[in-house]
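K.L.:
Listed below are the residues making up each chain.
Number of protein chains: 2
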Amino acid sequence: MKTYLDCIGCFLDQALKSARLVSDDEGMHERVLREILRAAVKMDLTQPPAVMGRFIHQTVRRFSGHEDPYRSIKDHFNRLALGYYPRLKKDIEASGDPLARAVRLAIAGNIIDFAVRSRLDDAKLDQAIEESLRADMSGAVLEDFRGAVRGAERILYLGDNAGEIVFDRLLLEQLPREKVTFVVRGGPVINDATRADAETAGITDLVEVIDNGSDVAGTMLEMCSEEFRCRFEEADLIAAKGQGNYETLNQVNKDIFFLLKVKCPVIARDIGCEVGRLVLQRNNSFPGE
Amino acid sequence: MKTYLDCIGCFLDQALKSARLVSDDEGMHERVLREILRAAVKMDLTQPPAVMGRFIHQTVRRFSGHEDPYRSIKDHFNRLALGYYPRLKKDIEASGDPLARAVRLAIAGNIIDFAVRSRLDDAKLDQAIEESLRADMSGAVLEDFRGAVRGAERILYLGDNAGEIVFDRLLLEQLPREKVTFVVRGGPVINDATRADAETAGITDLVEVIDNGSDVAGTMLEMCSEEFRCRFEEADLIAAKGQGNYETLNQVNKDIFFLLKVKCPVIARDIGCEVGRLVLQRNNSFPGE
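Protein chains in written order, with this note's numbering: chain A, 113 to 401; chain B, 113 to 401.
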């Protein structure tokens, strides 16, 4: 997905939010914003927003000296989500269709996202879970997903945010584990999950976990490691969580199921739905479709 | 008031909204945004936000070739407000304290503002009127205003937006007309009122109307005409409507009453109130305070 002009104001808001999170130094905040403005003057709008997002978070890390500004937020949401885990696990096991229920909960977990303008508090997570169990979702796409999982030999599950990945674990538990590899980001960017979060969430004990070698909040293949690109090439099914993976992969010619909660009006317009919608969507670029 | 870092994302949103209003040409929208970004890289944050606002709207006019992009919006809200006028006029005349009621309604009219992120539709105006009649407002400041009006020889009433100025007319009718001069902007900027709007609203038949010689959405004295600055100097009381006049005059050493509805979080923080608040406030910089 290209960068829309609507993203530009949001980039500045994100940069400021992130700079303020890491420091009270208003001079630093201003230097970060002027650096983002300088880059935005000549930015390439044909690239997905995640490319500028990467520059923003690199700039905040560079100007503040903090390697991982969202570490405590990631820890908080991992703990919070682990608190939900036992109840949700039982709920899935008691369900008539555990895979369907786990898909809904995995998407609900995508509310834990600091790359958007809205604010998240603990209460919103409760609400997101309740909504996800009642929300409309295409039964046909779910059956496609079920069939694709059954037919696939090599499944890559691309994670998104810390905290959220505890909800991914619930879905991973419903998939054929020996076929699944879970993918985290190669370096810190916003609250996106890295290997440490996969360990905390118990995913490393469940399936193979690799990282994509990049600090983009998404999957920009040309910025990922050679090793990850091979694994991506070999996989016959991709499950991709969140807006960042959607915007960086929706033009890629591959069998990808996107699981996300739509949190921004630009993504909503691109998908053709409303903000707040739970989305399970098969990649339109896939030639088999 | 200085420009806060929070204003920067909002500048880009405003520029895009305004560019889209005037044209469907996405290439032009992009050129406008890159021009604003270039200017924002080196902008002077000690200036009020209205200074960058002026550059934004000058750029939209320059790149689009439209002299007055908000003309039809201004006409719409003038007509809409004139539709309310007879009922509100009666309501004021039937009130036990016509001045107090007219002050509230004048502030309610300040909801008609296109310089903010939120959207305005006709229904919101109804709601704003209802709320303004119930809202908290400092009785002490109102009495100060009543006393200041009584004591003043030369009152300048600085208008803000088209449509809104019909509500200003209701308040002007409660003031000693021979002492009052109503001020409009010297050139088009967003939906701010110019002389044409004062004529449509019937204000030119009521009191003297002058313009300030500038196309800032506020009152930047150093950008106003020499003639206006003299009138400002000579006045012993200023009534200033809206956020733009607040942010450009709140540091000026003069007896000013600000009448506004707070529509943005930055202004709210500066004043020390919540967004949505109706404000009648005497300038803290006035030495007599």
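In case anyone wonders, no lab produced these hints; they're calculated from the structure.
Just so we're clear, the structure is a prediction, and the values are computed from it rather than from any experiment.
Where is the CB? At the ideal position from N, CA and C, for every residue including glycine.
Heads up, a few of these hints could be off.
Unchecked claim - One-sided excerpt, in silico: chain B residues whose CB lies under 8 Å from chain A: (1) I120; (2) G139; (3) D156; (4) T158; (5) F167.
As the list claims (entries may be wrong) - In silico negatives: residues of chain B with every beta carbon more than 10 Å from chain A: (6) L133; (7) L149; (8) R150; (9) A152; (10) V153; (11) L157; (12) F175; (13) G208; (14) D209; (15) A235; (16) G298; (17) T312; (18) T316; (19) A380; (20) R389.
Said to hold, decoys possible - Distance condition first, Cα-Cα at most 30 Å in a straight line; then the derived DSSO-like pairs of lysine-lysine: (21) B/K201 x B/K154; (22) B/K154 x A/K154; (23) B/K201 x A/K375; (24) A/K202 x A/K129; (25) A/K154 x B/K366; (26) A/K202 x A/K236; (27) B/K375 x A/K129.
K.L.:
Next step is simple, just say for each hint if it's right about the structure.
P.N.:
Evaluated hints:
1. For the restraint placing B/I120 at the interface with chain A, the shortest Cβ-Cβ distance is roughly 5 Å, inside the 8 Å limit, so the hint holds.
2. With its C-beta approaching chain A no nearer than about 11 Å, B/G139 sits outside the 8 Å limit, and its interface hint is violated.
3. Hint on B/D156 is violated. Least Cβ distance to chain A is approximately 12 Å, over the 8 Å limit.
4. Below 8 Å, beta-carbon pairs count as interface contacts, and B/T158 has none with chain A, the closest being about 12 Å; its hint is therefore violated.
5. Using the Cβ-Cβ criterion of 8 Å, the hint placing B/F167 at the interface with chain A is not satisfied: the shortest such distance is roughly 14 Å.
6. No beta-carbon of chain A comes within 10 Å of the beta-carbon of B/L133; the shortest separation is about 14 Å.
7. A cut-off of 10 Å between C-beta atoms contradicts the statement that B/L149 is not in contact with chain A; the least separation is 5 Å.
8. In this structure B/R150 is not separated from chain A by more than 10 Å, as the shortest Cβ-Cβ distance comes to only about 5 Å.
9. Chain A draws B/A152 into its interface by the beta-carbon criterion, the shortest separation being 5 Å against a cut-off of 10 Å.
10. The Cβ of B/V153 sits about 5 Å from the closest Cβ of chain A, inside the 10 Å cut-off, so the non-interface label is violated.
11. With 10 Å as the threshold on Cβ separation, the claim that B/L157 sits away from chain A is violated: the shortest Cβ distance comes to roughly 7 Å.
12. Distance check for B/F175 against chain A: the nearest CB is about 14 Å away, which clears 10 Å, and the non-interface claim stands.
13. Every beta carbon of chain A lies more than 10 Å from that of B/G208, the smallest distance being close to 43 Å; the non-interface claim holds.
14. For B/D209, the condition that its CB be more than 10 Å from all CB atoms of chain A holds, with the nearest at approximately 41 Å.
15. Listed as outside the interface, B/A235 is consistent with that label: its C-beta sits roughly 21 Å from the nearest C-beta of chain A, beyond the 10 Å cut-off.
16. Consistency note on B/G298: stated as away from chain A, and its beta-carbon is indeed over 10 Å from all of that chain's, at 28 Å minimum.
17. With a minimum CB-CB distance of about 33 Å to chain A, B/T312 clears the 10 Å threshold, and the non-interface call stands.
18. The beta carbon of B/T316 sits about 38 Å from the closest Cβ of chain A, which is more than 10 Å, so the claim that it is off the interface holds.
19. Under the 10 Å C-beta cut-off, the non-interface status given to B/A380 relative to chain A holds; the minimum distance is some 16 Å.
20. With a closest Cβ-Cβ approach of about 21 Å to chain A, B/R389 is found to remain outside the 10 Å limit, as its non-interface label requires.
21. Restraint check for B/K201 and B/K154: the C-alpha separation of about 48 Å exceeds 30 Å, so the hint is violated.
22. Distance check on the hinted pair: B/K154 and A/K154 sit about 15 Å apart at the alpha-carbon level, within 30 Å; holds.
23. A distance of roughly 45 Å separates the Cα atoms of B/K201 and A/K375; the hinted pair therefore is violated under the 30 Å criterion.
24. Between A/K202 and A/K129, the direct Cα distance comes to roughly 37 Å. Violation of the 30 Å bound is thereby established for this hinted pair.
25. With a CA separation close to 44 Å, the supplied pair A/K154 and B/K366 exceeds the 30 Å bound.
26. Under the criterion of a C-alpha separation no larger than 30 Å, the hint pairing A/K202 with A/K236 is consistent with the structure, at around 21 Å.
27. Under the criterion of a C-alpha separation no larger than 30 Å, the hint pairing B/K375 with A/K129 is consistent with the structure, at around 20 Å.
The earlier numbered hints that this structure contradicts are 2, 3, 4, 5, 7, 8, 9, 10, 11, 21, 23, 24 and 25.
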